[in-house]
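*Asks:* Sequence:
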Amino acid sequence: MNPNTLNYLNKVERILSVSIPILMDDGTLEIFEGFRCHHSTLRGPAKGGVRYSPDVTIDQIKALAFLMTCKTALLNLPLGGSKGGIQVDPKRLSIKELERLTRRYTAEIINIIGPDLDIPAPDMGTDEQIMAWMFDTYSMQKGHPVPGVVTGKPPEMGGSLGRTGAVGTGMFYVLEEFCKRKNLDIESMSVAIQGFGKVGKEIAKKLYNSGCKIIAISDSQGGVYDSEGLDVDHLISFKTLGNSVKDFKSDNSEKITNSELLAKKCSILCPCATENQLYSRNADEVKAQIILEGANSPTTSKADKIFEKKDICVIPDILANSGGVCISYFEYVQDIQSYSWDLERINREMRNVLLKAFEAVYNLSVEKNVSLRTAAYMIAGKRLAKAHEWRDLFP
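Numbering that gives the first Met the number 0 numbers the first residue of the sequence shown as 0 and each following residue consecutively.
Do not take every clue at face value.
[Stated by the list, open to error] Calculated pairs, EDC-like style, for lysine to aspartate or glutamate (alpha carbon to alpha carbon, straight line, at most 20 Å): (1) K245 - E227; (2) K286 - E343; (3) K248 - E259; (4) K367 - E307; (5) K10 - D24.
[As the list claims (entries may be wrong)] Have a look at the derived ranges for each label pair, beta carbon to beta carbon: (6) K254 - I109: 42 to 50 Å; (7) K95 - Q140: 16 to 24 Å; (8) P20 - D184: 51 to 59 Å; (9) K248 - S219: 18 to 26 Å; (10) K254 - N6: 49 to 57 Å; (11) S209 - D54: 44 to 52 Å; (12) P154 - K95: 23 to 31 Å; (13) N251 - Q336: 34 to 42 Å; (14) S337 - L116: 15 to 23 Å; (15) N281 - M23: 52 to 60 Å.
By construction, these hints were calculated from the structure, which means they are not laboratory data. No residue lacks a Cβ here, since even glycine has one placed at the ideal position from N, Cα and C.
Produce the entire structure from the sequences given, and follow the hints as far as they go.
*Replies:* Right, dumping it as C-alpha cells:
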C-alpha cells in the first residue's frame, strides 16, 4: 500500500466526545460520557453501531470504527466505517432513563449523523427500541421522517426483515462454505459458544439444527458444559425467562467458567461475547480446530500467531460476523428507495454478498499462503487504497 494511503487510514476522520446530562427518576442528575467516531468515508457514508457499556472508551470506539471501514470494504459495500457509544450499564437504567439518555445522545451527535453522512445501528447493549428513539429524535429535529438515518429499526418503522439474528445467520453461511472447501462434515462437529446474546443464540440455533453437538455455552455470569450435547431450544427458553446459562441443568451437565469454556476440546469455538477474550496467556489452552469469531476483535494479535503455530484456523470477525452490516446496508437501501424486500430476497442477497467475500478471502489465502484474516485485510486494504487513489486529496 502507498505510504500516503497508509498514513491516511491510520487516522480517524473525526471523533466527537460529548457529555450527556440526564435527570434520573429519583430527581438526581447524572452525566454520562458518549462518543461518535468516523474512521473513513472514502467509499461512502460511514456505517457503524452504537454500544451502551461501562467499558466503552475512546480508543475502543476508534478501533471498532476502523474495523467497520475494513468490513464494508471487504464486502464491497459503498459505505465507510464508524462507531459510537456511551459509558453506561443499560441494565441499571429504567426504560424512561434509557429513552432520555438516547434522545439526548442523538441530539448531541445530530450534526455528524444522517443518511448521507453516518448511519448508526444497534450494537452491544442497544436494540431496535434504541434505534426507534434515535430515528424519532433526528426526524423531529429535521421536521420530517428520515428513516435512513439509522438501521436496525423495528420493521413497522422502516426496519428490514432478517435483522434479528443476521450476524449469527451470516456466521453460519460462512462456516458452511468453509466446511465445503475443506471437505468437513458439519454434522459431526462439536461446538463451544462463549456469549449467549443475540449473536450466540442465533449461531447456536443454526448449528444445533444442522446436527452439531453443542457441548458448552456461557453468558457473562458463567456457563454450562455437557459432553453429550446441550438441548439448545430448552436452553434458549431457560435464558429467556431471565436465568443465567450457568444455572441450566441436564442429566450430564456441569457448571463451567468462561475461561474453562475457551479451553474445552471441540471442533468449533465461537467467541461471541466481547473483545480480547483470546489472548497470549490462554491461547495455548485452546483445543478447538476452528475459531469462528462472532464478536468484534475477540482475538489479540499475539493469540493469532499462537493459533497459526497450532494450526488452528481462525475465521475472522471482519468476515464471519459481517452479516449484521450486510443486512443494515439492505435496510438502508430499502429506506432510501421506499421499497421493502421480502425475507427470501434478503437472505438470498446476504448469502450472495458473504459468499463472494468468502471466496475472495479463501482464494487469496491459498494463493499467498496467509491466514484468512491477513487475506481479508489485504482485500479490504486494496479497495480502500484504490478509492483513495481515485479521490485523491482536496484541496
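*Asks:* Evaluate each hint against the coordinates.
*Replies:* Going through the hints against the structure:
no., hint, result
1, K245 - E227, "holds (17 Å)"
2, K286 - E343, "violated (37 Å)"
3, K248 - E259, "holds (17 Å)"
4, K367 - E307, "holds (15 Å)"
5, K10 - D24, "violated (40 Å)"
6, K254 - I109: 42 to 50 Å, "holds (47 Å)"
7, K95 - Q140: 16 to 24 Å, "holds (20 Å)"
8, P20 - D184: 51 to 59 Å, "holds (57 Å)"
9, K248 - S219: 18 to 26 Å, "holds (19 Å)"
10, K254 - N6: 49 to 57 Å, "holds (50 Å)"
11, S209 - D54: 44 to 52 Å, "violated (33 Å)"
12, P154 - K95: 23 to 31 Å, "holds (24 Å)"
13, N251 - Q336: 34 to 42 Å, "violated (52 Å)"
14, S337 - L116: 15 to 23 Å, "holds (20 Å)"
15, N281 - M23: 52 to 60 Å, "violated (39 Å)"
Checked against the numbered hints listed earlier, the structure breaks hints 2, 5, 11, 13 and 15; every other hint is satisfied.
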